[in-house]
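Asks: Modelling step: build the complete structure from the supplied sequences, incorporating the hints.
There are 2 protein chains.
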Amino acid sequence: MVRFADRMNLLTGSEIRELLKLTAQPDIISFAGGLPAPELFPVEGMKEASMKTLDEMGRAALQYSTTEGFVPLREKIVARMKAKNNIDTDVDHVLVTSGSQQGLDFSARVFLNKDDVVLLESPSYLGAVNAFKACEPKFIEVPTDNNGMIMEELEKILAKTENVKMIYVIPDFQNPSGRTWTLERRHKFMEIITKYEIPVIEDNPYGELRFENENMPSLKSLDTKGLVIFLGTFSKILAPGYRLGWVCAEAEILAKYNFMKQAADLQASTVAQMETNTFLDMYDLDEHVNKIKEVYGKRRDCMLKAMDAHFPKECTWTHPDGGLFTWVVLPEYINAKEMATQCLEKKVAYVPGGSFFPNGGHENTFRMNYSCMPEEKIEEGIKRIGEVIKANLR
Amino acid sequence: MVRFADRMNLLTGSEIRELLKLTAQPDIISFAGGLPAPELFPVEGMKEASMKTLDEMGRAALQYSTTEGFVPLREKIVARMKAKNNIDTDVDHVLVTSGSQQGLDFSARVFLNKDDVVLLESPSYLGAVNAFKACEPKFIEVPTDNNGMIMEELEKILAKTENVKMIYVIPDFQNPSGRTWTLERRHKFMEIITKYEIPVIEDNPYGELRFENENMPSLKSLDTKGLVIFLGTFSKILAPGYRLGWVCAEAEILAKYNFMKQAADLQASTVAQMETNTFLDMYDLDEHVNKIKEVYGKRRDCMLKAMDAHFPKECTWTHPDGGLFTWVVLPEYINAKEMATQCLEKKVAYVPGGSFFPNGGHENTFRMNYSCMPEEKIEEGIKRIGEVIKANLR
Chain Z
1 MVRFADRMNL LTGSEIRELL KLTAQPDIIS FAGGLPAPEL FPVEGMKEAS MKTLDEMGRA
61 ALQYSTTEGF VPLREKIVAR MKAKNNIDTD VDHVLVTSGS QQGLDFSARV FLNKDDVVLL
121 ESPSYLGAVN AFKACEPKFI EVPTDNNGMI MEELEKILAK TENVKMIYVI PDFQNPSGRT
181 WTLERRHKFM EIITKYEIPV IEDNPYGELR FENENMPSLK SLDTKGLVIF LGTFSKILAP
241 GYRLGWVCAE AEILAKYNFM KQAADLQAST VAQMETNTFL DMYDLDEHVN KIKEVYGKRR
301 DCMLKAMDAH FPKECTWTHP DGGLFTWVVL PEYINAKEMA TQCLEKKVAY VPGGSFFPNG
361 GHENTFRMNY SCMPEEKIEE GIKRIGEVIK ANLR
Chain P
1 MVRFADRMNL LTGSEIRELL KLTAQPDIIS FAGGLPAPEL FPVEGMKEAS MKTLDEMGRA
61 ALQYSTTEGF VPLREKIVAR MKAKNNIDTD VDHVLVTSGS QQGLDFSARV FLNKDDVVLL
121 ESPSYLGAVN AFKACEPKFI EVPTDNNGMI MEELEKILAK TENVKMIYVI PDFQNPSGRT
181 WTLERRHKFM EIITKYEIPV IEDNPYGELR FENENMPSLK SLDTKGLVIF LGTFSKILAP
241 GYRLGWVCAE AEILAKYNFM KQAADLQAST VAQMETNTFL DMYDLDEHVN KIKEVYGKRR
301 DCMLKAMDAH FPKECTWTHP DGGLFTWVVL PEYINAKEMA TQCLEKKVAY VPGGSFFPNG
361 GHENTFRMNY SCMPEEKIEE GIKRIGEVIK ANLR
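Going down the list, the sequences are from chains Z and P. Position 292 of the first sequence, counted from 1, bears residue number 292 in UniProt numbering, the numbering being contiguous throughout. Position 266 of the second sequence, counted from 1, bears residue number 266 in UniProt numbering, the numbering being contiguous throughout.
No lab work stands behind these hints, which were simulated from the structure alone. This one's a predicted model, so the numbers in the text were calculated from it and none came from an experiment. One thing to keep in mind: the hints can contain errors.
Heads up, the list lumps identical chains together, so a pair's fine if it works in one copy or across two of them.
Straight-line alpha carbon distances no greater than 20 Å define the calculated EDC-like cross-link-like pairs of lysine to aspartate or glutamate that follow [unchecked claim]:
1. Lys21 - Glu68
2. Lys114 - Asp6
3. Lys114 - Glu136
4. Lys291 - Glu212
Replies: Here it is in structure tokens:
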């Protein structure tokens with residue numbers, strides 16, 4: 001009999017991606033995915049960029065290239081991190097990855113032995129939990145509130161826990177909660193991790209999609225000891241189909257990510273990197289991001305307004321200042337997974353929240369995405385979910 | 001201090017990729033890489049395919065898609081494996097990966113716990129060894145001769161070794177040796193592994209590039225027990241820049257690879273898959289492969305002829321029937337790594353062979369690539385290497 005490695009016992013398909021298959025039916029109103037709105041993709045622009053790239057450097061675009069990534073694209077990434085996240089760095093500290101998901105996988109492989117401890121927000125991004133599981137760590141969930149990770153709880157855990165090798169956080173418009181850490185929490189966090197010298201994975205896929213209030217400084221921009229590994233991606237500000245993300249870290253740490261990249265798949269797609277670089281030369285990405293923010297902001301408003309109108313007062317939900325998600329907490333006696341089946345019968349879908357807690361529990365929660373449904377469907381979908389919730393109230 | 005995972009002690013940059021940086025200087029005659037000839041890339045065809053894809057299904061191409069891969073592309077992969085490798089399968093048994101390198105990484109992660117044993121040909125592909133190292137296995141090298149892996153040696157090893165979890169082989173135009181297993185060896189191999197029920201990774205990046213003699217059946221086509229995992233790629237028959245390869249395996253095994261893919265980077269590039277699929281709809285890939293074979297065949301002839309003329313009789317080298325490489329054995333007292341420095345001074349490069357033996361030794365060997373240099377440079381380069389070898393003879 002063929003025997004698999006132990007790590008395979010922990011890996012199962014993501015419930016989200018399985019659910020997404022169900023919700024791909026066109027008559028379903030789906031708030032389940034984390035998909036960007038495809039009607040906003042700059043298809044014509046990417047076509048122009050693609051033609052220009054293949055015309056001007058076709059042979060190089062179709063060939064192998066360096067593991068680290070295409071230098072002109074990394075230069076643009078450096079400039080963007082400076083402009084948007086106040087991070088001072090250079091191309092030697094950037095590695096291009098296959099989406100930021102690959103940055104998550106590499107983070108685990110760079111830092112985690114079996115049974116090492118990884119800390120993360122409770123709840124946290126399911127795809128990160130899945131990637132980390134392949135290294136068989138222990139997860140400790142750090143409690144959160146509307147201002148982000150609770151620093152007193154983090155300190156308590158660090159004071160009593162051995163072998164904490166990595167802390168994974170999404171400080172801006174978190175997946176799944178939609179919450180953003182306050183400035184005070186960010187400073188306190190950096191103070192704590194600087195004391196303990198623990199590497200931090202700062203995952204920032206949504207940071208540029210802020211609809212209101214001021215930008216917060218990235219943790220990486222507050223990092224004086226080279227402990228923060230920053231993960232960025234073009235998936236939410238341009239398009240996910242090219243699978244381009246990046247890792248920015250100190251030299252000694254990034255060298256390890258480069259080795260992992262080489263072993264894992266040699267390099268990110270040359271042609272995807274060059275075409276994206278050409279697009280960024282030809283078009284104003286900020287202008288494009290502004291369009292996205294305008295549309296998503298309206299959809300968020302629409303969803304929150306509909307929730308106010310249709311969800312019973314026994315529920316609470318978050319008010320995201322940006323990003324793609326809001327997070328709903330039901331009365332404890334309602335199981336959101338069971339309720340999801342009732343909702344699917346009414347042709348509306350969300351992701352039950354239990355999967356976002358690596359150590360289980362919290363089955364009375366769910367995640368709602370507002371970025372890829374038009375407003376009239378958002379209103380109708382929320383109305384239907386509201387009816388199902390009300391039918392489940394005691 | 002930041003602590004890294006134990007596996008990172010084993011991972012260092014590939015010597016080949018470091019060497020490739022050196023040899024990228026335009027005045028170097030490089031036989032070091034494993035690069036396809038860029039002048040043969042169908043740049044215009046890919047441009048047409050790219051425009052058509054973005055015109056007809058741009059939004060879908062730029063969006064996330066399924067982990068398993070784009071169904072029409074997987075259908076073409078299935079048809080191609082039937083036509084070229086006599087493999088009977090269907091789309092449900094195919095996963096699209098980021099090059100076949102990713103298939104190697106996943107193979108290790110699916111099958112290998114720390115200290116498990118992996119068997120491979122001696123020598124074997126350095127990139128595979130590197131990928132496997134991230135799972136901290138033990139390597140046992142199985143001796144080979146001009147007919148491929150030596151089956152008596154394989155049997156001896158299997159009879160006395162516990163925890164052999166995987167066997168990695170490249171039966172066609174092996175990297176680095178250029179050798180191809182005989183039919184008899186293939187049948188004997190399948191008999192042995194069927195008895196021991198050990199999963200086999202059959203890596204087949206070069207199989208279609210045969211210049212002479214008959215095609216050999218793939219191991220997968222001789223597999224009655226679902227033990228062979230077949231890795232294919234578009235890198236050598238179309239272009240590596242899109243990073244598209246595939247894994248074909250039995251359902252229970254492929255499910256594990258799918259979980260790994262989801263955790264590692266969600267999916268292969270949607271746009272790369274769709275554009276490649278469109279290219280295959282618009283153009284005849286066989287015709288293109290015939291052009292590649294014609295050019296590479298001539299370059300091989302040129303290299304072998306030049307070796308006959310310029311290498312001293314104290315050296316031996318392989319006669320590849322296809323693929324990209326020939327393998328040179330020097331007298332034992334010559335160190336090919338030291339000699340590489342001397343060759344670089346004469347502006348000519350190869351890869352020292354020691355790196356292809358995971359357990360070390362064999363420093364008197366080197367790998368030569370003939371696919372990406374024009375014939376006049378091949379002749380000149382071989383002449384220079386011949387002079388250096390002669391200067392090192394005792």
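Asks: Sort out which numbered hints this structure fails and list those numbers smallest first.
Replies: none
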